[in-house]
Amino acid sequence: MSWGYLSGILILTGINLMTVLGLSLLTGFTGLFSFGHAGFMAIGAYTAAMITLKFNILPESMFQLQFYLALIAGGLVAMMFSLIIGKLTLNLKGDYFCIATLGFGEAIRLILDNVDYFGGARGLSSITTQGTTTLTNVVIINIIAVTVLVFIIKSRHGRNMVAIREEELAAQTIGIDVFKYKMISFAISAFYAGIAGGLMAHYFGYIQPIMFKLVKSTELTIIVIFGGLGSVSGSVVGTILLTFLPELLRSFANWRLVLYGAAVIIIMISRPQGLMGGKEFSIKGIVRFFAKRRKEEVKS
Amino acid sequence: MSYFLQQLINGLSLGSVYALMSVGYSLVYSIMNFSNFAHGGVIMIGAYIGYFCLTLLGVPFFTAFILSGIGSGILAVSMERIVYRPLRKRNAPFLYFIISAMGASIFLENIVIASPIGPTFRSYPAVFSTSPIMIGGIALGRIDLLMFIISTLSLIGLMYIIEKTKIGLSIRATSYSIKASTLMGVNVDKVIFIIFLLGGLLAGLAGMLFGMKYIVYPQIGNITTKSFIAAVFGGLGSLPGAIIGSILLGLIETMTSGYLSSEYRDLIAFVLLIGVLIFKPTGLMGKTTEDKA
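Respectively, the protein sequence lines represent chains A and B.
Sequential numbering of the first sequence, starting at 1, is according to my numbering.
Sequential numbering of the second sequence, starting at 1001, is according to my numbering.
Because the hints were derived from the structure by calculation, they are not lab data.
Heads up, a few of these hints could be off.
Within a straight-line C-alpha distance of at most 27 Å, the following computed DSS-like cross-link-like pairs (lysine-lysine) qualify [said to hold, decoys possible]:
id	chain 1	residue 1	chain 2	residue 2
1	A	K213	B	K1089
2	B	K1089	B	K1190
3	A	K284	A	K154
4	A	K54	A	K154
5	A	K279	B	K1089
6	A	K87	A	K54
7	B	K1190	B	K1213
8	B	K1179	B	K1089
9	B	K1280	A	K87
10	B	K1179	B	K1190
11	B	K1166	B	K1179
12	A	K180	B	K1166
Note that the structure is predicted; figures quoted are calculated from it, not measured.
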């Protein structure tokens, strides 16, 4: 396995991870399901690509800066859309929010498909890949993303979100603004997805509406569940496993998606809490785990 | 005027096939309260069964039709057994059902691609001549006509079962409350078996009709997104709603491609979905679910 190939997979893992982290906050910690995050990725990708392609305001030497700005702009535009969608649909119960996001994701794809300004079905191409989505950049952005996410979850706001996940009515009774926190969670997850989209555009060098199909959204949600709802480290481990596994199985090409589908069903039936099951990976935890083992060994 | 009438009839026949698919969705939703995304896979398998019955076995057309209905029915029922029943017994939240359904749909689609059938596009042998029937200056495609007749007959049959028979009564009772109907002696497992059987049967017919009208390929199940929209449009969980929603969607789609551009067809469908969800989330005839604490 050459380094180029490996770093390519790592970059893809990082891009997936960005979206999965946002979804983890939305699904794992707030208890909302989205089947439209590929749509937010598309918005981020197109915004970022348009900025680096067509709006070269900064001089050539400051291209790096422009790339970062483009990423942030992609995230912000995706966030703006999420606020509009959220405002309209977050009051709906259960399934309906899920359906609304599904409709949104597909509508975005079809709009991009039909608007000539965005290249139609052929999409945008010749996006600069030199010095943009490098492994270093991806790793740095992911580290920032994980840190911010952990801080949000540990804060009062994060605890409010968990309260909403556990029991919406009870959360409301003790004075948590349920709608507001759902909005915040949705907006943050869209922001993450937007940045992931920007990274993706600058990794492949081209984007097409077909890259952001419903299957992509499903895949992302499946990763979150596979890793374990309510666990950031679960999401990280889940993303790494589920991005690497298909690559390793590439020689089985056709059968790997069959296995994937079967695996999803088996997980849902036998281990619905996912890999980590709401627990976090920490050094303390590992130490405790081994200490407990030793104790048991001594006992026996 | 005759152009309009023709579009109207095309729309009705397209809508009636959507209706065949979306009643399957609606039946499952009305009782189990989740969207069965694996329904598309069942439709796809139905289309393939019909295709192979006609080409390999060479059975007569209507036998192939019945076989594909039965095959899909069995598939839908066994899917319920393997995938949903364990979740049901555990009282899993609805999202696990949705995810499992997605898994099942990925599984079905790709097992066809990986099997010797492969991802190739196949077209049905010509059972009927393609020359349209002319009635008063309106050209009616024979397949369109067949689609409309078969769908209408099956839907009438379904409505009869639901409204007039004893099992239909227990289906209706279960859709109000699983708990209460269990107390009244309704066998919920049996009801769920029946709805999956009925849904699967109709899905098989719809799959075969779609295959005949267009073409058969592993992703044909994606068409169910449309029938799903139709179900939401009419009101999730309501059978008449699903039928009316489907027919309206069929009409809107054919009118859009007839008068505007076929590119906007799908877009309009999704915009409609979002519009309905925003302004009337229960759809045209959906049951209002009150959230009780």
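Within 27 Å, alpha carbon to alpha carbon, are K1190 (chain B) and K1213 (chain B)? violated, 35 Å
Within 27 Å, alpha carbon to alpha carbon, are K1280 (chain B) and K87 (chain A)? Roughly 15 Å between the alpha carbons, so the hint for K1280 (chain B) and K87 (chain A) holds.
Proposed proximity, K1190 (chain B) with K1179 (chain B) (alpha carbon, max 27 Å): At roughly 14 Å apart (the allowed maximum being 27 Å), K1190 (chain B) and K1179 (chain B) satisfy the hint.
Under the criterion that the straight-line Cα-Cα distance not exceed 27 Å, is the pair K54 (chain A), K154 (chain A) satisfied? violated, 40 Å
Just to be careful, I want the Cα atoms of K284 (chain A) and K154 (chain A) compared with a cutoff of 27 Å; is the pair within it? holds, 17 Å
Has the given pair, K1179 (chain B) with K1089 (chain B), been kept, meaning a C-alpha gap of at most 27 Å? holds, 14 Å
Given the hint that K87 (chain A) pairs with K54 (chain A), test it: the Cα-Cα distance must not exceed 27 Å. Roughly 31 Å between the alpha carbons, so the hint for K87 (chain A) and K54 (chain A) is violated.
27 Å limit on alpha-carbon distance, applied to hinted pair K1166 (chain B) and K1179 (chain B): Roughly 18 Å separates the two Cα atoms, so the pair holds.
Given the hinted pair K213 (chain A) and K1089 (chain B), is their Cα-Cα distance within 27 Å? Answer violated: K213 (chain A) to K1089 (chain B) is near 33 Å, above 27 Å.
Starting from K279 (chain A), check that the Cα of K1089 (chain B) is at most 27 Å away, please. With a Cα-Cα distance of about 25 Å, the restraint between K279 (chain A) and K1089 (chain B) holds, given a limit of 27 Å.
Starting from K1089 (chain B), check that the Cα of K1190 (chain B) is at most 27 Å away, please. holds, 14 Å
Is K180 (chain A) close enough to K1166 (chain B), meaning Cα to Cα at most 27 Å? violated, 48 Å
In this structure, the earlier hints numbered 1, 4, 6, 7 and 12 are contradicted, and the remaining ones agree with it.
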